[in-house]
Structures are given as C-alpha cells and as structure tokens.
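Using the hints, build the complex out of the two chains.
So the chains spell out like this:
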Amino acid sequence: MKANGRSVGWPGSDEQRFERLYEQHFNRVASYLVARTNRDSAAEALARTFEIAWRRLPDVPAEPLGWLLGVARRVLAEQRRAQSRQDALITRIAQTATEVSHDHAEAFAARELVIAAIGDLTPFQQEALLLVAWDGLGEREAAAVLGCSRGALALRPQAARRRVGASGPQVESPRRCIE
Amino acid sequence: MSQNIFELVRNLRPADAGRVDELFPEGRRRELFQQIVSSERPIAAAPARRRLAPSRRTRSWPSTIRRARRPALIWTLGVAAVAAVAAALLITGSAIRPQSAAGAVAFRTAPNGDIVATVTDPFAAEGQLKAAFAEHGLDITVNLVPVSPSLVGTVVYTSDNGGASAIQPLHGGRCVTGGGGCAIGLKIPATFTGKGYITLGRPATPGETYESQASAFAPGETLHCSRLLGARVATALPVLRAHNLSVEWREDITERSSDGSSFGHSQTDPRPPANNYIWDALMTAPGRVMIWTAPTPWPADAAHGAAVNQGC
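Top line first, the protein sequences correspond to chains A and B. So in the numbering used here, spot 41 of the first sequence is number 41, and the numbers just go up one at a time. Heads up: take any position in the second sequence, counting from 1, add 1000, and you land on the numbering used here.
These are computed hints drawn from the structure, not numbers from a lab. Note that the structure is predicted; figures quoted are calculated from it, not measured. Just to be clear, a hint being listed does not mean it is correct.
[To be verified] Covered by chain B, according to a simulated footprint, are these stretches of chain A (three or more residues, beta-carbon under 8 Å):
| id | region |
| --- | --- |
| 1 | 13-19 |
| 2 | 22-31 |
| 3 | 106-116 |
| 4 | 126-135 |
[What the hints assert, rightly or not] Stretches of chain B that chain A covers, calculated by requiring three or more beta carbons in the stretch to come under 8 Å of a beta carbon on chain A:
| id | region |
| --- | --- |
| 5 | 1010-1016 |
| 6 | 1030-1039 |
Even glycine gets a Cβ: it sits at the ideal position worked out from N, Cα and C.
Looking at chain B on its own, in the form it has when it is part of the complex (with noise of 0.2 Å):
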C-alpha cells in the first residue's frame, strides 16, 4: 500500500462533515447561542441567572443546557504538601507510604457551600486514598503513574460514569504543559454517585518511563533554563552532553495528499542538520529527551516562551 495513510484515512471521512453550514444553518445557530448565553452565568461570574421563558423554549436543540447550580465538591491537592513530599520522595526514592485513610484526605466545607478536599498525603498508597473518598460516599479511584518531574502531584487523567463531565480538574498549579492549564485539584458535584477514576503523577522509579511529562523546558524540567528553545542543534548538542542525556531527535514533516491537503506530523531523524533549529522537547524517562527540530526558526511565541522560562 503505496498511499499516504493519512490521504487513505481521509478519503473515508463522511461527507456530512463538509457540509455543516447546509446541517446547521443560522437561524439554528443563532438559537443555540441564545439559548446558551441565556442560561446559566460562566462560573467565576456573578450567580444572578436569567431563565428562558417556558413559552420561549424549543426543541429543536435538545433541552441539554443546565439550569440548576449545584454545590461542588471541591478536591485540591496541599501545594506546599506535594513539593514537600515530593522532596522527600526524590531523596529517598520511595514511592508509597502506608497511611491510615483518615490522614490522606482533609474534607471542609468552603463559606460558598462548596466542600473542599484536600490531598494531604498524595503518595499515601492508592488504597489508602480510595478509602479516604469511600468514607465520604464516593467511589473514587486513585492511581498513580510515573511523570517528568514538574508533574509530579499533578492530575493527569480523570475519568468518570456520572455523565457529562462531573468530575472536572482544577486548574491553578505553576506547571506548564502542552495541554494547556496545570490541574492540581478536582470538582466533584457533591450530588456525585457515579464511578471516578483519578491519575495522579509520581516519580518515576529507575527504568520506568514517564506516562505524562511537560515541555523540557519548562520550570521544574531537566532543561529549564537552558536556553535551548530555539537554538540551533549545533548550540545544544554540548549542553545535552553536559546533561548526560540520550537524545531521540524528530523532525517535523509536511505530507501533500493528491487532493491538495496537508497533514502535518513528525518523525524520527537519527542526523539532524547542525542548522536547525529546537522547536520542542519532552523527557521521555530520566535521562532521556526527545527534541523536535526544523530548518525554519522556531517561531518565537511569547507567551509559551514566557511561561517555560518563568524564574531564568
């Protein structure tokens, strides 16, 4: 099979997909965004509601949108207590620590009604943790996955059964990630009575590989600092020595499909021209680093730049 996977992979799109302006046209639209900014407020404004006039409701659109704001259990994780274990953790290599339910988990009810819990102990053992939630009716599990450094303590997955994303992160630690927003925390409805399931990230063990890891460069990160974002291959290669890291090298690639698409991706380059410039780069496993570089500038973002440079 000579084609271009993504050209095969492309050909079997459906083609209602190219045609939602025939499947949604205005008047839909416009309906949706009143029924939708007529709802309820975005969280973090003012809770005064308005309500759609029975008489106003449609069914055109299903009757999704929400009308009732419910109490919040609030989950965070004791930054201070994280780094401090985390510390710990990284100077005597130990990965759990057995500790009775009551002292992993602190529950409080927040002056708003919300119930805040906080993870004192986030590398108690995992059933350690699954009962502290049990204790207050909720069936949470806990697991925790290897991660670069700047995670650690961080959430990296949730998952739920209680329908439509109850359980959502919490946004509001100091890492940097590709994903966008640093969860350090969870809400769960209070009303919850589903199934959760919470990844947490730890160390990394000798031999394991990290299951989640933020940009290379960013604070906390075997690179931080470094300058190397941006800089040409020939400019890291003495500091990636210096770092006694093992380097995987990408490059970024642009395939052209018969139909004029194009579908952007990377691949393994063993040689990367000296001239060519970092665009990007993950440990993968301590000491390992996987770099994405091009032959065109990286194109300075200043934002990004900022932040995986914070404290240099």
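Excised from the complex, chain A in its bound form (with noise of 0.2 Å):
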C-alpha cells in the first residue's frame, strides 16, 4: 500500500527503506552465494538478488534475509540451469577441500567421505543442511528460504545425517517445496 510514494507502515522513502535492507543484509547474501559458485557468478548473482529485492519492494516483509536468500537461490539455480551445471556445489566444495588438506591425509579421507555423502544427497536435502551449516539459520529461516514447511525441513537433517553417518536405511524423498 502507498501514499505518496512511501509504503505505508514502513518509515521512509522506498530508496531508503531499500538501501537499510542492503546495508544490513548485503553481507549475509553475499557470503551465501560465494559458498555456492565462483565469485563471477556470486557478483551476478548478486546484482540480481538485489535488483529483484528493489524492483518488489513491497513484497519485501519485515524480516527479510530469509525472502533475500530465497530469491539468490533461485537465480542461483537459473545460473546453473542456463550454464548445464548441474554438479556445480559438489565441484565448489572439492576445490576448497583439495586446495586446503593435502598434508593432512586424514582429514583429507574424511573430508572426501563427506563431499562424497553430501553429493549422494537431492538438491533440497543438500541445500537444507548447508543453510544450517554455512550459513547459520535456524530450522524457521531455513524453511522460509526454501519456501517449505517447517515440518518438510525437519525431516531433511535427520536423512543426511544417515547418509553421513552409517550405511543406513534410504533417504526418504524429500516434500515439494517452493522453487
């Protein structure tokens, strides 16, 4: 809702209300996409975000990292569509691996065990342990990236930590969440 050019209930001009969001969660969704792809990519990733963010800003609610990430992680996703990387955080994740544990043989083996049992993972499962992992969300905020219930992201821990831990039962399949 409007009035002269400000959302009504938020203090401000729309240029202001989006360059507090932008200053305060600039950081979070940054590192979020650094994690994920190469830093050409997280740049584009970036701007668009925040492009997106800007040109719906009254769609935007009141906590916003969770609505931010939501939307890197889809254009996220279009990136790699568009590109045919498919692997493309598996890929990500071995290059640090390899680039930091050579001379340490046994935290090597165990590092490829868990590249290894997170690639066994669907893309939803993968996402869903990294949000808690890397990026320091609660299983509330995790939900809301992923556009799922709460109920559907509680299960997703608990299947990877299976596959992690012990040649357990199979993963169940994971619920429909909102791309």
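Put into structure tokens, the structure is as follows:
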C-alpha cells in the first residue's frame, strides 16, 4: 500500500528502505552466494538478487533475510540451469577441500567421505543442510528460504545425518517446496 | 564418525565466503546500489523511470539490471470459486472433475494492459488445466498435490526455464504460511516462451500425507482458535485428544561445535516434559500433527500471533 510514494507502515522512502535492507543484509547474501559458486557468478547473482528486491520492495517482509536468500537461491539455480552445471556445488566444495588438506591425509579422507555423502543428497537436502551448517540459519528461517513448511524441513537434516554417519536406511523423498 | 554433522559440513565451507568485505569493498557496493535504484522502480510504485546515462554505466557489475517493463500475464485463482469447489470436494471426497479446457481458465485484459488469467476450476483434471494454458500459447504444466486445508487452491510450487524466475507468485490470499505470503495466483510475462511448472494444493485423500502445510494454528487448520500456541504440553494433551489427533512431538535443540558456532535444528521427542511450551505445530496428514516444544516460554510474536488467531 502506497501513499505519496512511501510504503505505508515502513519509515522513509522506497530508496531509504531499500538502502537499509541493502546495508543490513548485503554481507549475508554475498556470503551465501560466494560459498556456493565462483566469484564472477556470485557477483552476477548478487546484483540480480538485490535488483529483484528493489523491484519487489512492497513484497519484502519485515524480516527479510529468509526472503532474500530464497531469491538468491532461485537466481543461482537459474544460472546453473542456463550453464548446464548440475554438480556445481559439489565441484566447489571439492576444490576447496583439495586446496587446504593435502598435508593432512586423515582429515582429507574424512572430508572426501563427507563430500561424497553430500553428493548423494538431493538438491533440497543439500541446501537444507548448508543453510544450517554454512549460513547459520535456524530451522524456521531455513524453511522460509526453501519455501517449505518447517515440518518438511525438519526431516532433511535427519536424512543427511543417516547418509553421512552410517550405511543406514534410504533417505526418504523430500517434500515439495516452492522453488 | 562421532563429530557433529553440522560441524563436519561447516568445515567444508569455502574460505571466500568469510571474506566478502574484501571481495566487495565499499566502493563496489555503492556502485551496485546506485545502479539498482536508478533502474526500474518497485512494481507497486508509479511507472516513471530514471535511466542511467550511457556514460555512467559500468562494467564492474554484470549489466543484468532490467530497463523495460513488459506487460505481464497475471494468473489468479477465483477465491470464491476455490472456496466453493473446495467445500464441495470435502463433502464428496472427489479430487478430480473432468471439464473442458475452455471452462477451466478464463482470460481477460486488465485496464493497465496486463493479462489476467483466472482459473475458474482449480480441480479440473491436470491435463485440462494444461490445455487451457496451451490454447493461449503457454506451455504450463499444472500439478495438484495434497495440502493441509488452508492451502487448498493456493500455489505451492512454481518453476520455469524462462530465466530469472519469469513466473512470479502473486500473494494476497488469506492463508498464513511460514514462508511468508499466500500465493493465490501467478504473474507470467506475456512474452514468456519457456516451460512453466505450477503446483496447486488440493485436499488429501485418505491415507495421503500433506506435501505442504500451514501452521496447525492458522485459520482453516485443525487447531485454529485452540489457544495452544505458547501453552504448556500438559494443557494441550486433553485438547489434542478431543481432536482425536496422533502427535509426533519434537524438541528444538542447539548443538555447539568445537569452534564455538552453534547449529539449531529439531529432533523427535517421544515424551516431552509436561511443563514444556508449545512453539509450533503442523498437520502432516489428516488426523496427524507434528508439535515442537521447548522448556522456555514461546517468545510471543505479536504479528504471527495475530495472523494465526484471526477470527478467534
């Protein structure tokens, strides 16, 4: 709802409100993207994410982090589809592991095991795990990013734990989420 | 493997992710900010646009900032029609009604030039809905999935290969969701030539689990107006029995890793302490609810509380 160019209920003009959102959350969104793709792709996705936030400013909720990361996630997914890079995340993780673990054979082997286990997860399972482990989100926030119900999300880390920790039962199918 | 899984995964995080201040110094950030706010205005604002003069455009950020505003196809669900159909379905138990494509979706042009498409029967056979869009040159696949009652008729999933999330959900429904917003329609650019995938919510048939659900306390859900959000487990038990609900109890826990970081998640808790407080609840299927509790009182969220208690 708008009045005289200002969003009713939000202090300041659209530009002021966007500036606050941009300054408060730029680092979190940038970290999210840089963790998942190379610098150039991350920069492109970062620009696109905040462009969408600007254009859809009236839709941005009062607590915007989950919404912003959800947009960033979709932008990244579209990049990967456009570039036919289905395994980009695992490649990125594997490259990082190679760079830091050459002189610690045991640690390197452990990393390889975890990387392989993550690679076996579905994209939703991977993202649910990383939103908690890499981005420090709680379950409710992570559910907001994925557009899932919290109930659907609650099952995912369990599934990942079973994969990584033991040769246990097969991981159940993920529930549908808003892309 | 005895290490905390989250700690194991955290150790794989690329180092660059912790160096964004170096990767994107202040000058670059301001440059991007200025590019963005000089471009197309927020959608609900007046249409006047300022454009960057060509000499000010830079190449340090990708030139992905849009300039043109295209007429959009807005697809909405007739809310009254949805409510009527949903009520009929709950009474009859029928999930699918065959109907001609022409009767499943109605298209019209709005005064501002946007094209509005209203699905008059969201529970027409999936093939009929796809055919309705196809008659207007749109390759949109519609899928129906079982959802908790308040999400019946809403959009629970969208995807497309048109680039940059061409298909956008339109919010405005009355359902209360954890992800924010209640999508009751879609905006599809009139120039969209890709493939779209839309999933709508339908009532569950016996034996099905919900593929998407709103808070169990939200309007239209089983525990709406029960006042159990924030109540103690002991208070909730007789209410849950009266609703004949099967409960999966969960507790929120925080695990700490060796580097001091913490990870919040939940796990099954077969016998929650009677003095624990209820923080959240979701119906997972007709007659089955998942409830989260914690030993500390629910931090009253005025906005969320008001949203789920509408009409109580």
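(request) Between the region 1030-1039 of chain B and chain A, see if three or more residues pass the 8 Å beta-carbon test, and mark the coverage as holds or violated. (result) Since three or more residues must qualify, the claim that chain A covers the region 1030-1039 of chain B holds, with 6 doing so at under 8 Å.
(message) Closer than 8 Å Cβ to Cβ for three or more residues is the test here. Does the region 106-116 of chain A pass it with chain B?
(response) That given contact holds, which follows from 5 residues of the region 106-116 of chain A lying within Cβ reach (below 8 Å) of chain B.
(message) Using a Cβ cutoff of 8 Å, are there at least 3 residues of the region 22-31 of chain A near chain B, or does the coverage claim fail?
(response) Holds: 5 residues of the region 22-31 of chain A have a Cβ under 8 Å from chain B.
(request) Please count how many residues of the region 126-135 of chain A have a CB within 8 Å of a CB from chain B and say whether that reaches 3. (result) holds (count 5)
(message) Is the listed coverage of the region 1010-1016 of chain B by chain A valid when you require three or more residues with a beta carbon under 8 Å from a beta carbon of that chain?
(response) As far as the region 1010-1016 of chain B goes, the hint holds, because 7 residues have Cβ atoms under 8 Å from chain A.
(message) Under 8 Å between beta-carbons, do enough residues of the region 13-19 of chain A, three at least, approach chain B for the coverage claim to hold?
(response) holds (count 4)
Comparing the model with each earlier hint shows no violations; every hint is respected.
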